[in-house]
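A.B. asks: Given the sequences, and given the hints that come with them, work out the whole structure.
There are 2 protein chains.
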Amino acid sequence: MKVNVKLSNLTKALSVVSRMAGNASALPVLANVLISTDKNRLKLSSTNLEMGANYWIGAKVVSPGAVTAPGRLLADFINNLQDENIELEVEKANLKVTTPHHHTTLNGIEVEEFPSIPEIKASAALTIEAPELKKAINQVAVVASHDDARPVLSGVYIYNEGKTLYLVSTDSYRLAEKSLILPGAPKGKISVIVPARTMQELVRVLDESVETIEMAVEESQVLFRFGDGEIISRQIDGQFPNYRELIPQKSNTTVEIGVDQFANLAKIAGLFSQTNAGSVLIEADNGAQKLKLSSVASQVGQNVSEAEVKVDGADSQVTLNSRYISEALSTIDSDKINFSITGKINPCLIKPTDAKDFLHIIMPLRS
Amino acid sequence: MKVNVKLSNLTKALSVVSRMAGNASALPVLANVLISTDKNRLKLSSTNLEMGANYWIGAKVVSPGAVTAPGRLLADFINNLQDENIELEVEKANLKVTTPHHHTTLNGIEVEEFPSIPEIKASAALTIEAPELKKAINQVAVVASHDDARPVLSGVYIYNEGKTLYLVSTDSYRLAEKSLILPGAPKGKISVIVPARTMQELVRVLDESVETIEMAVEESQVLFRFGDGEIISRQIDGQFPNYRELIPQKSNTTVEIGVDQFANLAKIAGLFSQTNAGSVLIEADNGAQKLKLSSVASQVGQNVSEAEVKVDGADSQVTLNSRYISEALSTIDSDKINFSITGKINPCLIKPTDAKDFLHIIMPLRS
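Protein chains in written order, with this note's numbering: chain A, 1 to 367; chain B, 1001 to 1367.
Keep in mind that the hints are not guaranteed to be accurate.
[Said to hold, decoys possible] Straight line, CA to CA, 27 Å or less: simulated DSSO-like cross-link-like pairs of lysine-lysine: (1) Lys2(A) <-> Lys1292(B); (2) Lys163(A) <-> Lys121(A); (3) Lys1267(B) <-> Lys96(A); (4) Lys292(A) <-> Lys1002(B).
Because the hints were derived from the structure by calculation, they are not lab data.
C.D. replies: Set out below in structure tokens:
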């Protein structure tokens, strides 16, 4: 293989594929990027066996071929280059990188050892605006579980009802649901659980030049295609919980509060609840039109903070994890939310006041 | 004790003293800040036994007294407040903090357990412009040793010759010397070794409002006074190495090179020398007017990078640690340096082309 490429193209391709490379301790070749000619383009690929990425860039292909090279080192090296014209050449199993100022060899691993990334032959089921999908993932994936004990809870459940696409995650302590209106109904019913890590990598690699994303589904795989790249991921097997029955349909008390104001109270409460599993007592006072947060760190001290808010309904109390409040609010870009309480053992509901397409539920702690 | 203070004053005082608080595992009270009334002001103090800080703020003192409270928690709490008026009160050994929206108690430790911070009675020996001193510390302290085996190498040696003040550090592999011209000669001869950590804390706490710093020396202590605060530190006992004999007086080869250009080469070389103790071979070629850096990471690959530069003198070779080059260049805000080589076993010298008040020496590695 011998090809000539532009620095800016190679940098972009590596920014997509290099960080998705896997852990060398599992299988050394997983830490490598596969570089191969594909007709008159160069294809860069990586995989950690759960998900993989492909990215194509324009190249002058002098002779076709393929090579693997350490992804992290190659990306760090290319990111520090200033010469615009780069020649890539294979010598034995190694990658030679030559520019006017640099002569470099990166030791490779035989191409045959690189695991194949599944090819998705299905045509796109749907197309989504990239900024909308990024925002939806950021709002939902944050609550996915990091625990592999119940795999479905570590994923984002994506399904449609007609032209409405839903993204949902829950770790059983909290839940976030976002809906998007598609330009048209998808081809076929969509109902997949995608690892939250895949969705978060997708957010990371989508820069502002990407306008739309195609999604295709095939048996156990799912594909996201964007511009010159694609991410392919396994689906998570299993049945997502019947979460809709958890969403409170009515509540005893609804508090209208500024997102920044509530985030500030939750952060302060969090300082005093670190030795107490983040536990903070929340009280809504209709008469005083105030929300009060109390927390106790028996070792270091205690805190009561309050804010003037709009309280509708009865006086209420509930105990929540302050970190869950902070994380929920961090995903909301509206100015105000409605925070609904329905007794000490029922889930609390957070909704932006100015949008109907998002909700976040937090389960109470026993108090 | 009962006092009223302004949020902005308390925030500023805690930014100086809270991070200098020590490690609770050594002695619990070291993690606390001492808060005490001092006539009509409030004094905040902390110490880690090596250095201590005092900071005074205006206060309405209702009743005098003192209390200690966890420094980190108090600072995190105060930094998140938005109420401008704060009341501090002592209840038993605890600190009560009250604002219109917050009622908070921080558990204290008896004031008697707080170690005394040495008082420096000596008058100021010298006054320095704060931006100049900050820059000097940043240029020098980076090479101080983190190893306590030879304590003098973990310090910054500060001494004067007439109106010239020198700051010097060395870890025996490299050395940095900066000189400052004082407005007048200091009172008495200055010759102290101050822990580099103290100097770096001083840089951290000096915000842009501080214009000048007074330095006073007393037996085993040294004091830096700035605005409403002061840092007091022990001196390091011992004799600083006679470093001047290490500074090359003439060299075989001098390379004029851009700081960014050299930093870029060193960074790339560093990628390929991580498994080789950072070792990079540097070659200056007079005929080609080029500087060439070669490095080999036997596991992952190898790199040769070169740059067009101005080479005066003979062709030369030397092997250096790429990290030391990067760190030296990171302290220089000039555009260009002269990089001097005098054979394979003599120290290399780095000097900005536009300033005579700074030099940096790097010892070669055996190659």
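A.B. asks: Please go over all the hints and tell whether each is borne out by the structure.
C.D. replies: Evaluated hints:
Restraint check for Lys2(A) and Lys1292(B): satisfied, since their Cα atoms lie roughly 25 Å apart, inside the 27 Å limit. Between the alpha carbons of Lys163(A) and Lys121(A) the distance comes to roughly 23 Å, so the proposed pair stays at or under 27 Å and holds. Restraint check: the Cα-Cα separation between Lys1267(B) and Lys96(A) comes to about 19 Å, which is no more than 27 Å; the hinted pair holds. For a cut-off of 27 Å, the pair hint linking Lys292(A) to Lys1002(B) stands: about 25 Å separates their Cα positions.
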